[in-house]
Amino acid sequence: MRANPGSFPSPRPLLTFAWYAGLSLVTLAGVVAGVMVFVRGLAITNLTDLVPWGLWITMDLSAIAVSAGAFSLCAVVHLIGLKQYEPMARTATFIGIVGYSMAMLCLLMDVGRPDRFWHGFVFWNPHSVLWEVTMCVGLYFSVLIVENIPLIGEIEWVRRGFPALVQRTEKIHHLAPVLAFLGLAFSLLHQSSLGATYGVLQARPAWYRPSLSILFIYSAVLGGISLTLFASMLSARLTSRASVDDNLVEKLSHFIGWGLAGYLYFRFWDNFSMTYNYQPGRSEALHILTKGSLAFNFWIVEMLLGCVVPIFILLKAHWRRNPSLRITALGLIALGAVMYRWDTNLVGQMIVLTYLPQEIVARYTTYTPSLVELVSGAGVLAYGLLAFTIGVRFLRVVDKRLRQGHDEHVEQAITIPSTALSVAETVE
Amino acid sequence: MNEKKRIGRRDFLKIIGVGIAAAIGLRAKVQADASKGPKGEHQWVMVVDQGKCVGCGYCTLACQAHNDAPPEIQWNRVIKAGKLGDREIFLARPCMHCGHAPCVSVCPVKASYYRDDGIVMMNYDRCIGCRYCEVACPFGARAFNWEEFTGENPAVPEWGKPEVPRRPRGVVEKCSFCYHRIDRGLAQGLKPGVDTFASPACVVACPVEARVFGDLNDSESNVNEILSTHTHLRLREGLGTNPKVYFLPAQIQET
Numbered sequence: 001m002r003a004n005p006g007s008f009p010s011p012r013p014l015l016t017f018a019w020y021a022g023l024s025l026v027t028l029a030g031v032v033a034g035v036m037v038f039v040r041g042l043a044i045t046n047l048t049d050l051v052p053w054g055l056w057i058t059m060d061l062s063a064i065a066v067s068a069g070a071f072s073l074c075a076v077v078h079l080i081g082l083k084q085y086e087p088m089a090r091t092a093t094f095i096g097i098v099g100y101s102m103a104m105l106c107l108l109m110d111v112g113r114p115d116r117f118w119h120g121f122v123f124w125n126p127h128s129v130l131w132e133v134t135m136c137v138g139l140y141f142s143v144l145i146v147e148n149i150p151l152i153g154e155i156e157w158v159r160r161g162f163p164a165l166v167q168r169t170e171k172i173h174h175l176a177p178v179l180a181f182l183g184l185a186f187s188l189l190h191q192s193s194l195g196a197t198y199g200v201l202q203a204r205p206a207w208y209r210p211s212l213s214i215l216f217i218y219s220a221v222l223g224g225i226s227l228t229l230f231a232s233m234l235s236a237r238l239t240s241r242a243s244v245d246d247n248l249v250e251k252l253s254h255f256i257g258w259g260l261a262g263y264l265y266f267r268f269w270d271n272f273s274m275t276y277n278y279q280p281g282r283s284e285a286l287h288i289l290t291k292g293s294l295a296f297n298f299w300i301v302e303m304l305l306g307c308v309v310p311i312f313i314l315l316k317a318h319w320r321r322n323p324s325l326r327i328t329a330l331g332l333i334a335l336g337a338v339m340y341r342w343d344t345n346l347v348g349q350m351i352v353l354t355y356l357p358q359e360i361v362a363r364y365t366t367y368t369p370s371l372v373e374l375v376s377g378a379g380v381l382a383y384g385l386l387a388f389t390i391g392v393r394f395l396r397v398v399d400k401r402l403r404q405g406h407d408e409h410v411e412q413a414i415t416i417p418s419t420a421l422s423v424a425e426t427v428e
Numbered sequence: 001m002n003e004k005k006r007i008g009r010r011d012f013l014k015i016i017g018v019g020i021a022a023a024i025g026l027r028a029k030v031q032a033d034a035s036k037g038p039k040g041e042h043q044w045v046m047v048v049d050q051g052k053c054v055g056c057g058y059c060t061l062a063c064q065a066h067n068d069a070p071p072e073i074q075w076n077r078v079i080k081a082g083k084l085g086d087r088e089i090f091l092a093r094p095c096m097h098c099g100h101a102p103c104v105s106v107c108p109v110k111a112s113y114y115r116d117d118g119i120v121m122m123n124y125d126r127c128i129g130c131r132y133c134e135v136a137c138p139f140g141a142r143a144f145n146w147e148e149f150t151g152e153n154p155a156v157p158e159w160g161k162p163e164v165p166r167r168p169r170g171v172v173e174k175c176s177f178c179y180h181r182i183d184r185g186l187a188q189g190l191k192p193g194v195d196t197f198a199s200p201a202c203v204v205a206c207p208v209e210a211r212v213f214g215d216l217n218d219s220e221s222n223v224n225e226i227l228s229t230h231t232h233l234r235l236r237e238g239l240g241t242n243p244k245v246y247f248l249p250a251q252i253q254e255t
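Taken in sequence, the protein lines are chains U and H. Residue numbering for the first sequence follows this note's numbering, starting at 1 and increasing by one per position. Residue numbering for the second sequence follows this note's numbering, starting at 1 and increasing by one per position.
Please keep in mind that the hints were generated in silico from the structure rather than gathered at the bench. A few of these clues could be false.
Said to hold, decoys possible - To list a few chain H residues with every Cβ distance to chain U over 12 angstroms, as calculated:
hint	residue
1	G40
2	K52
3	A143
4	P154
5	K161
6	F197
7	E209
8	L216
9	E225
10	I226
Unchecked claim - Cβ-Cβ distance ranges computed for the label pairs, FRET-style:
hint	chain 1	residue 1	chain 2	residue 2	range
11	H	E147	U	S142	34 to 40 angstroms
12	H	Q251	U	T275	36 to 42 angstroms
13	H	E147	U	G262	26 to 32 angstroms
To be verified - Derived DSS-like pairs (lysine-lysine); straight-line CA-CA distance at most 30 angstroms:
hint	chain 1	residue 1	chain 2	residue 2
14	U	K291	U	K400
15	U	K83	H	K83
16	U	K83	U	K291
17	H	K14	U	K171
No experiment lies behind these values; they were computed from the predicted model shown. For every residue, glycine included, the Cβ atom is placed at its ideal position computed from N, Cα and C.
Build out the structure end to end from the sequences listed, making use of the hints.
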């Protein structure tokens, strides 16, 4: 495989080319839209003072959420000690760095003053959950970078040309437990704080409750691991450059199935407890969510497809063992986690509570992303898919045969210079 | 190798312990900070008499002129608030300058902050434009600069002359109780709320004197006198944000 990295490994070269070309085009369109936003400002979006947070924030939250597989699986491997999952943790870590970079791209467009993105690191407001999110995302991104550095050694020409460098990067795996702990700490903090970002706002009764932070971290861990497994299985199907241990995926999927059942239980109580009495703003929001404009998203995408269907597939052994059904279930879980964020973000802003003392009634507003928002958002998504595809092709990010530190390089000894081979041995 | 890792894991438990202790310490410090609130020599408050307000909107225009705000941004908005008999009642809403302001709590960079005199201020050079404060404000008192304000201000010069610089594109702005007029007046030995030169533009512009501005710390002040003799309310008081703007509800006998 390594002998001819330039050629297409897939038997469908035309499809592969179309995939790259299509994603590149959408990314390019996204760059154009992004530049338009920087030049002309946020006035060309459909955001308003009533709905200041829209599509980009949702994408930011979602990208971070479905990247949660990185910290969860790294903790499973390096802190709990289930070493057999290491190849999956590797995949998740790469998805993590791609996801967080996607989130940062969205944020860069979304803030009014992208030139001041660094202010959060310099001017601290420890009382603000968003400050905490900023710090943790920044620090965790550094962790992800360090965790991904050994991937450089997987690039053929780097391995050939700079064996000493590769030797150094591979030593990073000694740090893996430390990095896993840091990742766990930063992620637990900011993933839940993203829920708290909404949950602490007294002004918005639709959001104001402590459960949001719990549900955000919970759905992020499920969605993140699911996306990792989904992407791994899909890659292994589409290209010979990727391989995945189907037994382990199935085991982990079983666990996800139970986790999802617990999540559904918490979601049920979270929503059901809001129906007990009438509270201005909150009851109206619940109405929008369950009977109004977001009802399809909520019932069909979030609940049915994102929860109930995957629970049945993943908990029934016969269905779970069917790779097609399993991959569908895993994809749906990630989709459900994303839709949860879209609905949550929107529902709290669609209600405009008046501050008139005499009449506490809710008014409604709407939001539909503008073309610029959609195209730039699609560009960020295409960039993410492109980055992952490149990772699969050139960095072996989905490969069950590859394990950090004790890489089975021996089988490929012919293509590796003797210096690199000795590295592999010393590390063993 | 395995042994090495086990020792490592034990070390992590220690790190976790230290980390949790540090987090609790930070949390305690933050809470102590939050409970302080602003305590200065003066505490500026505004009283708006809904019985007097006729909804002319002069305050909005004077505000836009003095603070050089674009037509689509109203720091001080006047909305219809229902009817009393056949008389229309209005509600004029500046920033409430809350004592426990959600916008100050949530701002990730402390671009919103308390002055010692209770005014909730914006640092436009620091704001990153994330709009969290806008989402968090219970009164809709904040406006984002979606585009740069160029060209002439239609409220100028009829309603006043700009006294503060225009805000750049991409930051959130809001009413400042005309802090510049207060500071300027105090420096000249004037009394804000009594001397027009030292009072907020909306207070000065009101043709029916529906707005009263003054120092809550001064027991002799006009605002203290009015608040001690009139029924008053504050908006969304149940949220506990401690607004600094009081309203005198319209009474039926006044019609």
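Outcome of the hint check:
Taking the minimum C-beta to C-beta distance to chain U, about 20 angstroms, the non-interface status of G40 (chain H) holds against the 12 angstroms cut. With a least CB separation of 17 angstroms from chain U, K52 (chain H) remains clear of the 12 angstroms interface cut-off, as annotated. Consistency note on A143 (chain H): stated as away from chain U, yet its beta-carbon is not over 12 angstroms from all of that chain's, at 6 angstroms minimum. No beta-carbon of chain U is positioned within 12 angstroms of the beta-carbon of P154 (chain H); the least distance is around 19 angstroms.
Its beta-carbon lying about 26 angstroms from the closest one in chain U, K161 (chain H) satisfies the requirement of being farther than 12 angstroms from that chain. Its beta-carbon lying about 31 angstroms from the closest one in chain U, F197 (chain H) satisfies the requirement of being farther than 12 angstroms from that chain. Every Cβ of chain U is farther than 12 angstroms from the Cβ of E209 (chain H); the closest lies at roughly 22 angstroms, confirming the non-interface assignment. The Cβ of L216 (chain H) sits about 20 angstroms from the closest Cβ of chain U, beyond the 12 angstroms cut-off, so the non-interface label holds.
The beta carbon of E225 (chain H) is kept farther than 12 angstroms from every beta carbon of chain U, the shortest such distance being approximately 23 angstroms. Interface exclusion of I226 (chain H) from chain U stands, the closest Cβ pair being 18 angstroms apart, more than 12 angstroms. A C-beta distance of roughly 35 angstroms is found between E147 (chain H) and S142 (chain U), which places it inside the suggested range of 34 to 40 angstroms. Between Q251 (chain H) and T275 (chain U), the C-beta spacing of about 39 angstroms keeps the proposed range 36 to 42 angstroms intact.
In this structure, E147 (chain H) and G262 (chain U) break the distance hint of 26 to 32 angstroms, their C-beta atoms being roughly 47 angstroms apart. Taking the CA atoms of K291 (chain U) and K400 (chain U), the gap is about 46 angstroms. The hint is violated against a cut of 30 angstroms. For the suggested pair K83 (chain U) and K83 (chain H), the alpha carbons sit about 72 angstroms apart, so the restraint of at most 30 angstroms is broken. At roughly 47 angstroms between alpha-carbon atoms, K83 (chain U) and K291 (chain U) are farther apart than 30 angstroms, so this suggested pair is violated.
For the given pair, K14 (chain H) sits about 24 angstroms from K171 (chain U) by alpha-carbon distance, which is consistent with the 30 angstroms threshold.
Violated hints, in rising order: 3, 13, 14, 15 and 16; the structure is consistent with all others.
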